[in-house]
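Novice: These are the residues of each chain, in order.
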Amino acid sequence: MTQLALVIDLNVCVGCHACVTSCKEWNTSGPAGPLSDSDPYGANPSGTFFNRVQTFEVGTFPNTATVHFPKSCLHCEEPPCVPVCPTGASYKRKEDGIVLVDYDKCIGCEYCSWACPYGAREIDAKQKVMKKCTLCVDRIYSTTLPEADRRPSCVMACPTSARLFGDVHDPESVVSKAIRESAGYALMPEWGTQPANHYLPRRKTTMTIHEDELMRVDNPLKIDGKLPKPSKQQPTLDDSTSW
Amino acid sequence: MSSTPLHDPIGVTPADAKLEMRTTTCYMCACRCGIRVHLRDGEVRYIDGNPNHPLNNGVICAKGSSGIMKQYSPARLTQPLLRKKGAERGAGDFEPISWEQTFSILAERLQKIRSTDPKKFALFTGRDQMQALTGLFARQFGTPNYAAHGGFCSVNMAAGMIYTIGGSFWEFGGPDLERAKLFIMIGTAEDHHSNPLKIAISKFKRDGGRFISINPVRTGYSAIADEWVPIKPGTDGALMLALIHELIAMGLYDREFLARYTNAGELVNLDAEHDEFGMFVRSEVPKEEGCFDPQNKLWWDRISDKPVITHAEGADPYLFGEFKLSDGTPVKPSFQLLQERVKDYTPDWAAKITGIPAETIHRLAYEMGITARDQKVVLPIAWTDSWGKEHETVTGNPVAFHAMRGLAAHSNGFHTIRSLAILMSMLGTIDRPGGFRHKAPFPRPIPPCAKTPNTHRAVQPDTPLDGMPLGWPADPDDLFVDDEGKPVRIDKAFSWEHPLSVHGLMHNVITNAWRGDPYKIDTLLIFMANMGWNSTMNTVEVRKMLNDKEENGEYKIPFLVVCDAFESEMTSFADLILPDTTYLERHDVMSMLDRPISEFDGPVDAIRVPIFPPKGECKPFQEVLIELGSRLKLPAFSNQDGSRKFRDYPDFIINYETAPGSGIGFLSGYRGKGGEKSMVGEPNPRQLEMYEANNCVYHHELPQSYQYMRNWNKGYLEWSQRNRITRYADPIQLHIYSEVLQTFRLAAQGKGLTRKPPKHLKQRVETFFDPLPFYYEPLETQITDLHKYPLAAITQRPMAMYHSWDSQNAWLRQIHTHNYLMVNTVTAKEAGIADGGWMWIESPWGKVRCMCRHSESVEPGTVWTWNAIGKSAGAWNLLPSANESQLGFLLNHVISEELPVKTGGTTSNSDPITGQAAWFDVRVRIYPAEAGEPEQTSPQFEPLKPYPGTKPYFGKWLAYFAGGKKK
Amino acid sequence: MKPPFSVIFLTTLIGVGQGLFLALYTGQLYSFFDLLPAQDSRSFYATGSIIALVFLGAGLFASFFHLGHPERAWRSAAMWRTSWLSREVIVLPAFIGTVFLYGVAHWFNFNAPMIELSGSHQVDITLILGAAGTFLSFALFISTGMIYACLRFMQEWHTPLTPINFTLFGGASGFLLASVFAAMAAPQLTGFYAGWAIILTALAFISRSASLWRNSRIKPKSSLSTAIGIKHPNIVQISQGSMGGSFNTRAFFHGKSAAFIRTIKPGFIVLTFILPLILLVPGLSSPKLLVAAFVIQYAGLLAERWFFFAEANHPQNLYYQKVA
Ligand SMILES: Nc1nc2c(c(=O)[nH]1)N[C@H]1C(S)=C(S)[C@@H](COP(=O)(O)OP(=O)(O)OC[C@H]3O[C@@H](n4cnc5c(=O)[nH]c(N)nc54)[C@H](O)[C@@H]3O)O[C@H]1N2
Ligand SMILES: Nc1nc2c(c(=O)[nH]1)N[C@H]1C(S)=C(S)[C@@H](COP(=O)(O)OP(=O)(O)OC[C@H]3O[C@@H](n4cnc5c(=O)[nH]c(N)nc54)[C@H](O)[C@@H]3O)O[C@H]1N2
Ligand code: SF4
Ligand code: SF4
Ligand code: SF4
Ligand code: SF4
Ligand code: SF4
Ligand SMILES: [Mo]
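Chains as they are written, first to last, in our numbering: chain A, 1 to 243; chain B, 1 to 967; chain C, 1 to 324.
In isolation and in its complexed conformation, chain A is listed as follows (with noise of 0.2 Å):
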């Protein structure tokens, strides 16, 4: 069985939200949209998001780290918000996990955002419908967008790549590959969702010095005789002839 998926790296995201518009701005005039924006040029203006990048700052100064953290539907093995759907609009699609929102069935009651603890389900506060991540479902199955451009659009727009996109359940894909080799984990692992989407932690490089290191035959202060050299004048032993 396929489950689809986003691995995304902390270990490199910057937090430049290009993966926030650019998902915005594929999904505004798709399927999915219009996802429509209030008071767009006045107070407080607040729009329809499918992926937010946020920012959390851990420890104290001067041991910190700051973290952005991208934010999208999980796409949860085990979603909390598809079974308490009364109408059925939110369903879970066997075929590849992707956890969908059937715009036109949906009541807007708003249960299902209740009932997701990460918070990834956000009202189109003018159309009344709940609105989530498609995982772009309606760009990794076109068939009108070339072949390499089947990629969600927030994983195509990531300058760093701390996106990937995959099928978790292929041990071979590099989505496990990374989950794997990177010591992937899912977010709130307490309320048993199972999300798909996994996040890989910041990994340091670090280097250590060796004293040896520092001290070389090679130094190249020695080739220019910055060693102390005393002017001949000076008093040497040659100097005492008492032996």
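Hints listed in this document are in silico derivations from the structure and should not be mistaken for laboratory results.
Please read these numbers as outputs of a predicted model, since none were measured by experiment.
Worth double-checking, as some hints may not be accurate.
[Claimed, not checked] Lysine to any residue pairs mimicking SDA-like chemistry, simulated, CA-CA at most 25 Å apart:
| # | chain 1 | residue 1 | chain 2 | residue 2 |
| --- | --- | --- | --- | --- |
| 1 | A | K126 | C | H254 |
| 2 | B | K945 | B | V12 |
| 3 | A | K222 | B | R363 |
| 4 | B | K376 | A | P189 |
| 5 | C | K221 | C | I164 |
| 6 | C | K231 | A | P189 |
| 7 | B | K945 | B | V540 |
| 8 | A | K92 | B | V12 |
| 9 | A | K177 | B | E178 |
| 10 | B | K203 | A | K92 |
| 11 | A | K126 | C | H69 |
| 12 | A | K177 | B | K203 |
Once you have looked at the hints, place chains B and C with the ligands on chain A.
Specialist: Just chains B and C with the ligands, lined up with the frame of chain A:
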């Protein structure tokens, strides 16, 4: 109720839509990525990165992805607007006029100026990338008063590095992260090379590279650094010098590289009585004078223990020691002088200044030195150096640096950046794999050849300027001053006050013109710069100056023309507004004559093509300049008989040549009759089509043997000479020791044959024109009472917002709707300011009320905010209630464009060498707002009204759906 | 959570309706077993049913304001196998229908015996409809309660106390209303209903206190650490990706000050439990006091339901703490 979906989540809507894709170049920022614009039924459906573009390889950023909303901005200007008779500047009362009226007003006025005193016309341009054309226009007009934004942007970075290694970060070179092992990023938040740098950093990290960021703040790129080294603003010079100290003390420098490729081994005349004191001793007077570094200096050869001409076969110079020439002249290798200079710049000394523990400084030096020495990259690429020596391989020391405005935007930035360039040179990392790599047309001779005229007599009525408006002075005789040493330019660039101000001082233009110092001007044309707001220091006062009148009722700056695409704060002060197109509506050129988008492996230039017709009556500024140039009959724009030479801008791009028959034009690709030539060749009528067919770029990949060591790569230098990129093919030795600076110092000391500075500037020039880098506190810090104003205040770029451009962008403004002052939690608590609370930030120059956000990722002595998020009410056609003006704020209100001088008067708040605006030197204090104060930022300004022709958007909803068929 | 007013009215109003119906039917059962005097079918049971229907109808009406697309509300019956909301959507109209039929049967005095029990006890259609209604009423209480209780990570709600509370609140307010109604339509029953109202209010007080006590001791299972997967005691959000607010900031935060919460809690305790109890004892003989008790208790229930939502801390809130 079937379980099959009603809604098709996959189909194209509408099903019969006409889909189309075109490539062009993004200009949501100056990075200039290749983009694909996807249209559906003629409307933009989607813009993504062009996978076949060498710069961004298909990725895009937040701004680029929001380009659609720029097209739909309610702030778009659509008609030329003339200030209504009797209306005040800044009130926003305009009447639409036709382009014909516009051109006749402009042509008449400019004609009069040109035939009397051309310097009374000033043209300054902001974040544009068409200096090739705007500079040409100014020069042809005959005014010295032209510059682009570089002076307030990052000229320290350009000058500090170009005067040291012949190339620079910024658009001219960068870190080779593909092969680096250690990457040190200093004072960079986002930078111009936005997407490519992100691509590179991520690959670098994934490949196990070690990434260290030196920055008072940890955001953006620094967030993913393996180590964050917080530093106090303005003190990086101390850090660099201590690192140099440590590398020398430990012998952790690349001696071979220094000896052969830098002037470290060259002997400096130390006879204090001599006119050539502090200059390199030369074996002979060069046969040909030109803008190159003649190879006539001396080494003290280690093998024969006597002076020899540098690079003499078999010779190897001493880098240390003191020697006497046969005529008794005492000399030392310049590296010896550097060592003496940094003797007291110990890590312990620097620790006190920078706030970085001494152990960390030691360790940083060791990490750099050991990585450079022990992890060498050797590529099997044969090449020949300038002295004819063949090398089987190219070797690199994989330590890469990148630095930007965190170093540049301080008044001690030039020397800091020179220290950095010297550090990079000592590690042997210049144009080598894994280190710093140049991008064409760099490297250039030190300094580059272009020069301004050096006398006021070069400005003559009805005559093009005899020289470039901007250039690279090599000695005091290259300054653009009159016989008394007074500045010729309105911004005082290339004067004794800021001798190496190679990008001008745009931040002083308005103040100087208002004061009439050095003189009054008549017409100021501002293109693509929001000088009434975020690119001005001291914004409140500058706005008053724009409005200030003489006793006779005439404005102090009599005629103000602003070319912009949007209703910016600046446009409200205009007498005449020229509505520009957007980047999706015009032709543009990323030209080799300006700042192309070259890659490490060779020159690249690019074009932008119109996807849509101009909105309303918008006209590309290029077309305006060509029309004006033709009406004014400027030689470059007219035929012999005075008739118009170019039909329009595309025609100009294709057919313009720098000199008749030169074969050099705005574009380097597809030249020659059939597009078969590159770099040089006759105009090709199909050039633009050929670019378009090639993703709008031309990428000339150099042979591998020309891709490295280009300062000394015979093959490359000759190629570059043959292709008219450079005039000379001589090697470009790195200037560890700067003779250029020494010539100015000598002049200040009354020595040498060159011009001498006026008395009141002697000491300043003597102090700052030190041939070796030294550390001094930023000028503003020196004169500020640090007990009263203890904190440094800085700004940084948000990745999802470009200066002031994007608050009109419905999507981007949701990400940065307003800004906070970010304060270290401890600092904020000490000041009694709550997280999220209202507070004041005050400098000696002004104060701002804003909101506070506690943060653990900022050094406790620093406060910061995102740049240019705050807006003036009503500007950009946002509602006056919009967060940008009510909760957002502009730090510029507390920054001054001038500093008092002890002896009276003022001087620009800039680097004393380059005139770089010292944005990040300001010191402030913070305190909580009183209970009962309005929860609104201060200062506030009278809300701007919508102009005729703009379409303010009052709707509650925006539901963009391309193809028009909203469901 | 942000208390949704439509849902507050929905749950409290149908609660009253359900409770009133249960009261009517209890009364009928009592009189069936001759424990209470019989009442007039039309003026008591049918009229009482009408009042119950008014409350139920008002609740249903309020619920539509919660929907983005009320015209598609019919679709919401689809997922009864998995969704408590869907079950509520099925049970509520079924219940309303049953109450309606119950009222109609009483109105038209459909008292033809259907089952003959020992003695003179004849079971007529109203009794059967009443039994069905009772079953549906309890099903509805459970469905409504389970809508909230089934959300695992809404720790304040995820307890059997939630449906129990819903049931007891509905019961208390319904019986209280029944006592008011009885004071006007069947004064002999006033004491009976008021007595039950006292018992149910007291029980509700106990069970609500239990849930308050439980909730005050909840250790949230999710933390910023589990939310972003970084183990560190010191994590602070700096920005949430948008500054002008989003669905996530509007729907999941009550936006009221801690002081407001501190007042509303004793407020609803006093209004829902204490004052009605105080008024009910002397009220046994004073319809005016009963009316006051009902009105006060209903106001208290509105406050209680508001608090019920506001108190629930959605784990998604961890991601929406600060903007910058
Ligand atoms: N406090 C503080 N101030 C700073 C800085 C800082 O770090 N801190 N940074 C400084 C630096 S480095 C810079 S470069 C400046 C930048 O400052 P500016 O050069 O003023 O840049 P923008 O704010 O982007 O404004 C450029 C103007 O160009 C207009 N524009 C956009 N697109 C087009 C177009 O296609 N055609 C035309 N004609 N106009 C267009 C916009 O509407 C805007 O009015 O800010 C400086 N100001
Ligand atoms: N998204 C986006 N990209 C942009 C722009 C934009 O507005 N938006 N603007 C473009 C322009 S015009 C420019 S000039 C470039 C500038 O690009 P950057 O050089 O990245 O400019 P700033 O954002 O000013 O960043 C300055 C950095 O230096 C740090 N800093 C300040 N003072 C010091 C110091 O004394 N020492 C050290 N070590 N660090 C210090 C600040 O914390 C900040 O991180 O970006 C370009 N790219
Ligand atoms: S993240 Fe939320 S919306 Fe997405 S599948 Fe999981 S529970 Fe459902
Ligand atoms: S809002 Fe729509 S998708 Fe969510 S539960 Fe209600 S009907 Fe289902
Ligand atoms: S996969 Fe598609 S819908 Fe989901 S966040 Fe990425 S771009 Fe948005
Ligand atoms: S586009 Fe990539 S780097 Fe940028 S915020 Fe999204 S995930 Fe992070
Ligand atoms: S980095 Fe600049 S040029 Fe590149 S896509 Fe983003 S906005 Fe456009
Ligand atoms: Mo800049």
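Novice: All hints, please: hold or fail.
Specialist: Verification of the supplied hints:
no. : hint              : result
1   : A:K126 <-> C:H254 : holds, 22 Å
2   : B:K945 <-> B:V12  : violated, 41 Å
3   : A:K222 <-> B:R363 : holds, 22 Å
4   : B:K376 <-> A:P189 : violated, 45 Å
5   : C:K221 <-> C:I164 : holds, 24 Å
6   : C:K231 <-> A:P189 : holds, 13 Å
7   : B:K945 <-> B:V540 : holds, 19 Å
8   : A:K92 <-> B:V12   : holds, 21 Å
9   : A:K177 <-> B:E178 : holds, 23 Å
10  : B:K203 <-> A:K92  : violated, 35 Å
11  : A:K126 <-> C:H69  : holds, 11 Å
12  : A:K177 <-> B:K203 : holds, 17 Å
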